[in-house]
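Q: Put the two chains together into one complex; each comes in its own frame, and the hints tell you how they fit.
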Amino acid sequence: MPVRVVDTATPSSQPSSGQDTNAVQPTPPSCSLLTAGRCFAGTQNVSSLQKDEAWKVNVRIHGCDLEQGYLCGTMEALNVPLADTPVVTFWEGEIVDAKNYTFFTGKWEASPEDDVRHWSKFPSFTPLLSQVEIDGGKSVDLSNYPYIFMRWKEQYFVNVGVDCGLTIAGFYYVCFSCSDGSISGFYYDPNSSPFQKLELKCTNEKQSGFTFSSYELQ
Amino acid sequence: MPAATASGGGARAEEAAASSSSAPSCVGMRPEELAARLAAAGGPGAAAGDGGGAGGEEGEQERVLALREIKNQIIGNRTKKLLYLRLGAVPAVVAALAEPGASPAALVQAAAAAGSFACGVDDGARAVLDAGAAGHLTRLLAHPDEKVVDACARALRMIYQSKQAPKFDVNNEKNMDFLLSLLDSKNENVTELAANIISHSCDSNTEQLALCGAGVPQKLVGLFGGSMNLRDACLDSMTAIIRDNCDVASRFASMDHGKYFRSIVGLIHDRSPRTRLLSCLCLIALGHASPCHFPDRQIKTKLILVLLELIEEPGNVGDEAPLALTTLIKDSVELQKQAFSTNAVVKLSNHLLANSLETRRAVTILFALAELCSKQEESRSQLMSGQVSTLILDALKHDCADIRVAACSCLKNISRSSKVLSAGRISCDTVIAPLVQLLYDSSTSVQIAALGAICNIAVNLTPRKSVLLHSGVVSQLVNLSKSMDPTLRLKSVWALRNIMFLLNPKDKDFILKELTVSTLSSLICDSEHFVQEQTLALVQNLLDGHVDSVNYVIAEDGMVLNAISRQLNSASAPGVCVQGMLVLANMAAGDELNKEAVMDVIVPHQADRIKSSFVVNFLQSKDKQLRVATLWCILNLIYPKCDTSSTRVTRLQNVGVISQVKGMMNDPCLDCKNTRQRLAKEKLGKGALHRDVCREP
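In order, the protein sequence lines correspond to chains A and B.
Just so we're aligned: the first sequence equals residues 1 to 218 in full-length UniProt numbering.
Just so we're aligned: the second sequence equals residues 1 to 697 in full-length UniProt numbering.
No wet-lab data here; the hints were simulated from the structure.
Since the structure is predicted, the reported quantities are computational estimates derived from the model, not experimental observations.
Mixed in with the good hints there might be a few duds.
[To be verified] Below, in silico cross-link-like pairs of lysine-lysine (DSS-like), each with a Cα-Cα straight-line distance of 25 Å or less:
| # | chain 1 | residue 1 | chain 2 | residue 2 |
| --- | --- | --- | --- | --- |
| 1 | B | K163 | B | K174 |
| 2 | A | K121 | A | K153 |
| 3 | A | K197 | A | K107 |
| 4 | B | K641 | A | K201 |
| 5 | B | K624 | B | K662 |
| 6 | A | K206 | A | K56 |
| 7 | A | K153 | A | K99 |
| 8 | A | K153 | B | K174 |
| 9 | B | K186 | B | K259 |
| 10 | B | K419 | B | K482 |
| 11 | B | K330 | B | K186 |
| 12 | B | K419 | A | K99 |
| 13 | B | K186 | B | K174 |
| 14 | B | K330 | A | K99 |
| 15 | B | K347 | A | K107 |
| 16 | A | K51 | A | K197 |
| 17 | A | K107 | B | K624 |
| 18 | B | K482 | B | K506 |
| 19 | A | K206 | B | K482 |
| 20 | A | K138 | B | K259 |
| 21 | B | K681 | A | K206 |
| 22 | B | K337 | A | K153 |
| 23 | B | K419 | A | K201 |
| 24 | B | K662 | A | K99 |
| 25 | B | K337 | B | K347 |
| 26 | B | K641 | B | K662 |
| 27 | B | K186 | B | K147 |
| 28 | A | K153 | A | K201 |
| 29 | A | K206 | A | K99 |
| 30 | B | K681 | A | K201 |
| 31 | B | K347 | B | K397 |
| 32 | A | K56 | A | K107 |
| 33 | A | K197 | A | K56 |
| 34 | A | K138 | A | K107 |
| 35 | B | K624 | A | K99 |
| 36 | A | K206 | B | K641 |
| 37 | B | K347 | B | K330 |
[Said to hold, decoys possible] Some residues of chain A that are not near chain B, with every Cβ distance over 12 Å (derived):
| # | residue |
| --- | --- |
| 38 | D84 |
| 39 | A169 |
| 40 | G181 |
Glycine is no exception: its CB is placed at the ideal position from the N, C-alpha and C atoms.
Looking at chain B on its own, in the form it has when it is part of the complex (with noise of 0.2 Å):
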């Protein structure tokens, strides 16, 4: 899912850097002469007049035209800015920076220009960087002409912002200094440029710390009475000064008592809609980094509200704010409460309903409504009784990748509950037909989508589990089980586990007969554990209640039976293990024959006496689904009391088995007690057990 962001600087358009009045003399001059004109004026011995070039002041004054002729010509054009990249005016642009001699207005227009270039354009950024013109702008910050100063500052906060820019490295002394220099100057645009290297540089704990010791916290929350532009740089740079560092956001929410904390907050109501969605965004970052800190409930619910009005806003705002409100909801009972108690689903439903599934903003509130169903019930039912749902199902079908992701993502949070499932509402053809369409998706992202989807409506709770199997899922999902990416691996496997969950024996057959002994066998020895598990957990579904289902575990000499025993004796992870034992218990609940082949498997054969049974490992493991598990099994291989299970009784005594079982006498898990207390129930007159059991205080 996207990361909500609002990047401070980011959704502001590239801007004139400095006048623009058009030379005559190079108006309307064709982009080939122009680079050309500039290659000429520019570079070593122009001045001198070799090579064809102007010399002196008519020289510079050629270059200075040329240069803001280019400028003008590229400032928001992208056509215009390839094709001067392609003529190579970019290195004769930034050689204008470094010239020891240029004037103040060549200087201002050639940072211009290389700050253009590097705006919205990655290969113009590259270019940029590539020719050094980070280094020339960054020294000419300390020009003694302002507006050179102005016109560098404005030119590297373009650079930047682009993804191309190298870090700035605020463990290195000097440049810790460097920056709190450009924080105390007086000119906003240095210190907008800060915010913006700070944006652009803190990803690391280090980082965070480095500066939140350097006091630049308190700097940025200072500048907050600049300008618009330079307050929303600060309140981003704060944002990944204190995001997921809960040393950093404790610290910060706590100092001067409070003060800066609520500077922040007082900017929720501020005028400027970015000011506020930003301010929102820093206040989520500070709740998700120190929940302590931050639990006054009353600043949640109007962050939920004013995020709930952003949505309402025109351009980048709105089209964030969802993904804000979905990142502040996030994994909250409580908050998605609050959220549903003030309208969230209506309020971004209509929204929906009234504009295009065309933008941005429908992807983003999409995962929002999503988000607003994955733990409350109120807000399924309310999503799923309106017309967005009748929406939702048309994202299925759109063309853009996008929105049929964030469209699986609804259906799969509305069907998270057992409730939905069981009312059957959502298992019928008009939505599971798209969602199984989408499992042929050229898109990864939307086939995995559609099977978190399918995983939850598989698991169909009413007698109509016939829909979905005669979609075709199956056999795509056997298909996709065998893919390379092991994500695809799981979440196919996993709804097949919960399509296998209580379905009768001809339906099971039916799977089994596409997915074959083989591919059974070959996913219980997956490279990935998850999938293991969960494949595991087929067969045991796949053996509850059919007992004839026990011919396809020990089918083929016996190769998913082998592989489960591979899996357990090579102590797997615990899940694997939980799920491999209750295989076996299933197993051992059916007749005497299956009894004994479990009991070839947990006890070890004659040539393997030194090695104990892997099931009194399991029996002490600090996993109590694993002992629990383990003492079904042990439970059915001793049930019902006849001559043969007095034998298992004893085969298991042998290895350890029993004497570990009395031992759990006072196991701490309720379960693994009552369960014992079977076994210890079943009166085995000849067996080890009841000896053990009777001697018991």
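Just chain A, with the same shape it has in the complex (with noise of 0.2 Å):
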């Protein structure tokens, strides 16, 4: 039976032994600044032994299905060398809700081990790194946890060909605040440099106030 969190920001662990941990099925968190429509806007720290370096970037959600665990986008690299316009990919995210994923990625070339390494870079997943190192995250109540990890993967180039000497080989760790739209993320890929670090804040929240768009599909 899992824990609702009330006022600590320490997640819940579901008990391991003598109870069905499948019979309840947490729903995924809820958060008005994380839907489709909303853009944050931010950098890339692409930086090398050779040099420090950073792209700036834009995201915009387009789709989000907590229920699925889904959410996808668009990533606009702004300022990248050797390309003449901004480079945009479309990605794919999984969200770590113990539901539909688990804190291991279980593919593009990512360990258990990558994985814990990359996730404990953010303070947010201290708490539950002693159950993830058990199960992955199977157990722990993510439902009323203020923030939200996820896995976004780039798919495709939208506007440049694929020989335009870049990749999306990678993936991004990523983990987004719920009480203030912030996102950080690590890009992984075992060819690239290692830990590129992503930093966006939401772009919604205007001079006067904070607005919202939404559409509804059939």
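A: What follows is the structure, given as structure tokens:
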């Protein structure tokens, strides 16, 4: 039986023995800052040993289905060297909700050790670490946790060809803060610089308030 | 969408009910003469020779000959049936059934003729029923001559296959006893009749329970060993008894440790295609009525495979199999995945490509393909990449309205995906132009289906929204939003709302000029709350990111804002209130004038002081979306910190809004808690919220 977190920022663990952990499926967290149409802007640090470098990045959420643990959107890198125009990619995301996806990636050349090493970069992950090391977080109730963990995997280039000299082979470990709508992420690709950091802030917040828009499919 | 049906007897050709050797004296006689001769031969006084009729044995023989000739002429001949109907032959035929002294031969011929008149022609069925044939035929089921019983049972089956036939009230005890006696008959024509009566009459919960309580399911399964027609009729009746009735379905599934259930499962591999289809339909009805009694994944996979095979069968079975598949996988991600893994998209597409679009099967296959794409990304991708996608576009222009509806349904479900919409492949001129054309279709069903597809495609997540906007769609959507049909109004406003999503300001202005402030206000106050909700969502999208759009909301003496205020004050449906509050939140994210305009809506005027703000009720709502939307609106009103925002805090405090926000510290919804915390973080030094927040533990 999952325990609802009320006042603390610590996720509850479901009992691991003597009870059916599949009996209750916690609903994934919902947040009005993580919905279709939301835009985020910030940077991705692509520094290497040779030089410090950061690309400006814009992200837009196109779709979000919390029930299926799915979201998608586009990512636009603005000042990419050797690229004439901003490079836009389409990505699909997996929301870690212990129902559809756990903290263990199980694909994209990411081992559980790689997973733990990357998730541990987020301070908000610390309270979850011990349980995740045991079962990937299968028994953690994240339904009331103030952070949403995700993996974003770029699927294709929207406005340039595959011969643009850039790669989308890797994926992002992402942590979204429900309280302020900020996003942190780390890019993982065994063949690229490790721990490229993504930092984004929600841009729907105007000078005098926060605005909303929505669509609905039939 | 049409439902899958495969009536046990409905697909059988009209059968010759009795031996039909023609009598030389009537062969070649004109229908007018035959009808006149029959009328003269039958009826009161005919036996005594009155009115020119023949009497005694000779008269009876003449009547048999006339009846036989009429029957032979009308079987399978619709034109002749209508001709004899006009000549008034039906009452004379039925009169023969009513006559106490009628010979078995006359009864057999009259019953066969009556059944034939009722078969496949509504006017014929009505005439036969009006003449009282059902009562006479039912009485004659007890006739000592087996041939008479056979003929009457067959005639009654044809009558009960007609929609014109009255329902047989199984809640009546005597009727139920009669039905049970029919089921116990040794005569297969009679037991098949009983099954047909059940299929025709059983559609309410109480009727299903009454039949189940009387042991009818066991009797029907007990008859599976009979002829193929009898078995099919029994399967059809079983489906009628189980459909949408959880209680009956679960009782049946567990009867005799699942023995009866297994009998039906066994029939999905029967030699007869019709039996396979009917057993699949019965199991599908069982699975829908009582999912917990039908958890076996293997059986469901078998059903999918059997139904995909049946599509290759000629006739009615092949036409209905795709609809049965549609019913099976409807709303189930798991079954749609299973169907995809059994190559359903490819098999259905290939069948469609290999055959003409002119058939009913094309319609049912398109509906099945649409259902396969309703939740499965892989199915959508496979369908779009295949040759069949061109065929679907052709189908949009087909003469048959059903084909056009089915093709729209495919496109709607393919585009029910943010991934597909982001790729932009569906928002091209070749798809949009024929769909927009269908908005002018003479059939409302086609218009509604086209609107469904346009609603989704309108959410163009690529920078190329111009294809849709320049297609002329906006003016027609605006026209349809004024329709008398609520579904047309709903879907057209819904499409406009989706087009408006993240649209650039110039295009937003273009839409608003077509729509007008006055139409927008009327739609906010529409009689249907679904229309109100979509209209408010449209206004929300209009205001997002386009500060100048507020001018439309406050234009013409605030017509739109007043309409929103009326809806929020009259405690409309929760969805309407949520969208209304998001409109106000967007407006409150504007300049001081906009914020004050919102304040005037949510804080009652001096004269209404005794009335608290509806906002307080919204903050207490059980609907978390309404609480969140309201909190965002309040947050925008008091943001950023300045003297005027402090004044607004005081006004909100005076109507109890701030104390209500304060009480939401432990709201069970994380989103509410987070938004409230943002409110608390607005350091409004002079505001009451700040003091309240400082006192919080």
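Q: Taking the hints in turn, state whether each one holds.
A: Hint check results:
1. Pair hint B:K163 plus B:K174 holds up; C-alpha atoms about 23 Å apart against a cutoff of 25 Å.
2. A C-alpha spacing of about 19 Å is found between A:K121 and A:K153, which places the hinted pair at or below 25 Å, so the restraint holds.
3. Of the supplied pair hints, the one linking A:K197 and A:K107 holds, its CA atoms being roughly 21 Å apart against a limit of 25 Å.
4. A threshold of 25 Å between alpha carbons decides the hint, and for B:K641 with A:K201 the separation of about 21 Å falls inside it, so the pair holds.
5. Using a Cα cut-off of 25 Å, the hinted pair B:K624 and B:K662 holds, with the two alpha carbons roughly 16 Å apart.
6. Between the alpha carbons of A:K206 and A:K56 the distance comes to roughly 20 Å, so the proposed pair stays at or under 25 Å and holds.
7. Restraint check for A:K153 and A:K99: satisfied, since their Cα atoms lie roughly 19 Å apart, inside the 25 Å limit.
8. Our distance criterion of 25 Å between C-alpha atoms is broken by A:K153 and B:K174, whose separation comes to about 69 Å.
9. Restraint check: the Cα-Cα separation between B:K186 and B:K259 comes to about 24 Å, which is no more than 25 Å; the hinted pair holds.
10. Pair hint B:K419 plus B:K482 does not hold up; C-alpha atoms about 32 Å apart against a cutoff of 25 Å.
11. Our distance criterion of 25 Å between C-alpha atoms is broken by B:K330 and B:K186, whose separation comes to about 40 Å.
12. With a C-alpha separation of about 22 Å, the suggested pairing of B:K419 with A:K99 holds against the 25 Å cut-off.
13. The hinted pair formed by B:K186 and B:K174 meets the criterion: a straight-line CA distance of about 20 Å does not exceed 25 Å.
14. With a C-alpha separation of about 23 Å, the suggested pairing of B:K330 with A:K99 holds against the 25 Å cut-off.
15. Taking the CA atoms of B:K347 and A:K107, the gap is about 31 Å. The hint is violated against a cut of 25 Å.
16. At roughly 15 Å between alpha-carbon atoms, A:K51 and A:K197 fall within 25 Å of each other, so this suggested pair holds.
17. Between A:K107 and B:K624 the alpha-carbon distance is near 36 Å, which puts this suggested pair outside the 25 Å criterion.
18. With a C-alpha separation of about 24 Å, the suggested pairing of B:K482 with B:K506 holds against the 25 Å cut-off.
19. Between A:K206 and B:K482, the direct Cα distance comes to roughly 35 Å. Violation of the 25 Å bound is thereby established for this hinted pair.
20. The hinted pair formed by A:K138 and B:K259 fails the criterion: a straight-line CA distance of about 40 Å is larger than 25 Å.
21. For the suggested pair B:K681 and A:K206, the alpha carbons sit about 17 Å apart, so the restraint of at most 25 Å is met.
22. Between B:K337 and A:K153, the direct Cα distance comes to roughly 23 Å. Compliance with the 25 Å bound is thereby established for this hinted pair.
23. For the suggested pair B:K419 and A:K201, the alpha carbons sit about 24 Å apart, so the restraint of at most 25 Å is met.
24. Distance check on the hinted pair: B:K662 and A:K99 sit about 34 Å apart at the alpha-carbon level, beyond 25 Å; violated.
25. The straight-line distance between the Cα atoms of B:K337 and B:K347 is roughly 15 Å, inside the 25 Å bound, and the hint therefore holds.
26. Proposed proximity of B:K641 and B:K662 is supported: the alpha carbons are some 18 Å apart, at most 25 Å.
27. Proximity of B:K186 to B:K147 is assessed by CA-CA distance (about 14 Å); at most 25 Å being required, the pair is judged to hold.
28. As the CA atoms of A:K153 and A:K201 are separated by approximately 19 Å, the hinted pair is consistent with the 25 Å bound.
29. Of the supplied pair hints, the one linking A:K206 and A:K99 is violated, its CA atoms being roughly 35 Å apart against a limit of 25 Å.
30. Restraint check: the Cα-Cα separation between B:K681 and A:K201 comes to about 18 Å, which is no more than 25 Å; the hinted pair holds.
31. About 24 Å separates the Cα atoms of B:K347 and B:K397, which keeps this hinted pair within 25 Å; it holds.
32. A threshold of 25 Å between alpha carbons decides the hint, and for A:K56 with A:K107 the separation of about 28 Å lies outside it, so the pair is violated.
33. Annotation: proposed proximity of A:K197 to A:K56 holds, straight-line Cα distance about 12 Å (limit 25 Å).
34. This hinted pair checks out: A:K138 and A:K107 have alpha carbons roughly 17 Å apart, not beyond 25 Å.
35. As the CA atoms of B:K624 and A:K99 are separated by approximately 22 Å, the hinted pair is consistent with the 25 Å bound.
36. Proximity of A:K206 to B:K641 is assessed by CA-CA distance (about 14 Å); at most 25 Å being required, the pair is judged to hold.
37. Distance restraint check for B:K347 and B:K330: the Cα-Cα separation of roughly 18 Å lies within the 25 Å cut-off, and the hinted pair is therefore satisfied.
38. The non-interface label for A:D84 is consistent with chain B: the shortest C-beta to C-beta separation is roughly 17 Å, beyond 12 Å.
39. Against the 12 Å criterion, A:A169 stays outside the reach of chain B, whose nearest CB is about 20 Å from its own CB.
40. With a cut of 12 Å on Cβ distances, A:G181 falls inside the contact zone with chain B, its closest approach being about 9 Å.
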